[in-house]
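Protein chains in written order, with our numbering: chain A, 29 to 189; chain B, 320 to 579.
Derived by calculation from the structure, the hints in this document are not laboratory data. There are no misleading hints in this set.
In the DSS-like style, the derived pairs of lysine-lysine whose C-alpha atoms are separated by at most 25 Å in a straight line are: (1) B:Lys411 <-> B:Lys401; (2) B:Lys494 <-> B:Lys507; (3) B:Lys519 <-> B:Lys494; (4) B:Lys330 <-> A:Lys136; (5) B:Lys507 <-> B:Lys546; (6) B:Lys330 <-> A:Lys86; (7) A:Lys136 <-> A:Lys86; (8) B:Lys552 <-> B:Lys510; (9) B:Lys546 <-> B:Lys510; (10) B:Lys331 <-> A:Lys136; (11) B:Lys546 <-> B:Lys411; (12) B:Lys331 <-> A:Lys86; (13) B:Lys507 <-> B:Lys556; (14) A:Lys65 <-> B:Lys356; (15) B:Lys456 <-> B:Lys570; (16) B:Lys519 <-> B:Lys507; (17) B:Lys411 <-> B:Lys480; (18) B:Lys360 <-> A:Lys65; (19) B:Lys331 <-> A:Lys38; (20) B:Lys552 <-> B:Lys494; (21) B:Lys330 <-> A:Lys38; (22) B:Lys494 <-> B:Lys456; (23) B:Lys331 <-> A:Lys133.
Not the full set, but computed from the structure, chain B residues with beta-carbon under 7 Å of chain A: (24) Lys331; (25) Ser334; (26) Ser339; (27) Ile345.
Heads up, the beta-carbon is just placed ideally off N, CA and C, and yes, glycines get one too.
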Amino acid sequence: MYSLSNNISKYIFFIISILILIIQVNIPSIVIYENNKINLDLILLFLTFLVFINNSFKIIFVAFFLGIFQDIIISNEQLGLLSFLKSFTVYLLLGIRGYDSIWSKAVKLSYIFFVYFLHFLIYYLVIHDGVYFMIFFISFIQSLVCFVIYYFFDKFFFNIK
Amino acid sequence: MNLLRNFAFNKKLLSLITTSFFSLLIFFNNDSIYASKVTSKAYDVYSFFSSPSIWYKNILTIKKENELLSKEIVQLSLLNSKLINYEIENHKLREMLNYKESFKHLSLLPANVINSNFSFSNQSKIINVGTKDGITKDLAVIDIYGNLIGKIISAGYNNSKVQLITDNNFSVSVKIGQNISIGQFIPKYGKYGYLEGIIKTLDFNTSDIVYTSGHSEIYPPDIPVCKIISSKKKKNKLFQDVGVEILTDIKNLYYVFVIQ
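Using the sequences and the hints given, assemble the complete structure.
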């Protein structure tokens, strides 16, 4: 039994993870400029919610394995990159839990956006050969899309404070 | 206890380090273009941060290199001057060799003037051949052009003393003119001298060369001694006054031959 929280059982967690991986594989990319595409990173959103549901170091390992799967799905060339970025991102997101009662909702959301932006910026800096402006722009759009989806999910389903 | 407490406190950090380690291990072991791109970027960053130390090391290296080059310049300058001296010496020796080849009938022993730089005397010179080389007293000495310099007045084992042609006590029997009139060369001062015993009837031109007559036991015949620069015929005198200039350059003697 994988006890991430009292509310999510091992099986539910496992099924959700598989489901998210399947959706992630099949979700279409959005072309924003020439060959520059953005994806909806459901794994990142899933990990963000996990951080807020359970403040545990184990999520870092979960992020590592999900990142590895994502790397395998996307390309063998970048194997290890997303697993590192997902672990690092979860570590940074776990930092919010230390300020649960100190930071306001707006600060937490800003922090989440900043972490997303950092995640995508590092990713695209490694992946892309384009000019830095384009990398910043794509990273910003990608993190904005993820953040908006997170915001709506949070508002309508979880309502994390 | 504190150690365990710290470990529990840093679980998240340790987890991050562990997962990052494995992730990066996988990433960099995978021989991909992304890995090489990150590696090259890392090198760029490293070179940027290490640029001050490289700059400083470069300055130190340049300073050391400069010192070494300065030393090398001095050494090369010394070597160059040495080589120039060798060139001059070689040139002189070649001239000596040519002269020796052209006078095969004379047995010539080459020698170096060893006190030419220190002695200001116009009366004698020391040369670096002695009795071990077969030198004896009263041997004629000539310069590299064959002009008479003087004679050996004393011979040591390694070195010998030469009485110069400019010495006031020096005299040599000479011949002059087409009719071969015999006279006596006497030095006067510096490179000038005069001839004694030249009869008035003898005709010659100025700048005629005066040679040794060969009447002396010391000097072989036909060695150039001096050249005529003036002559005067006085009514009350039996002989004419002939002024001469010594041919050899006494002040610049470095190599000589001893006629054996």
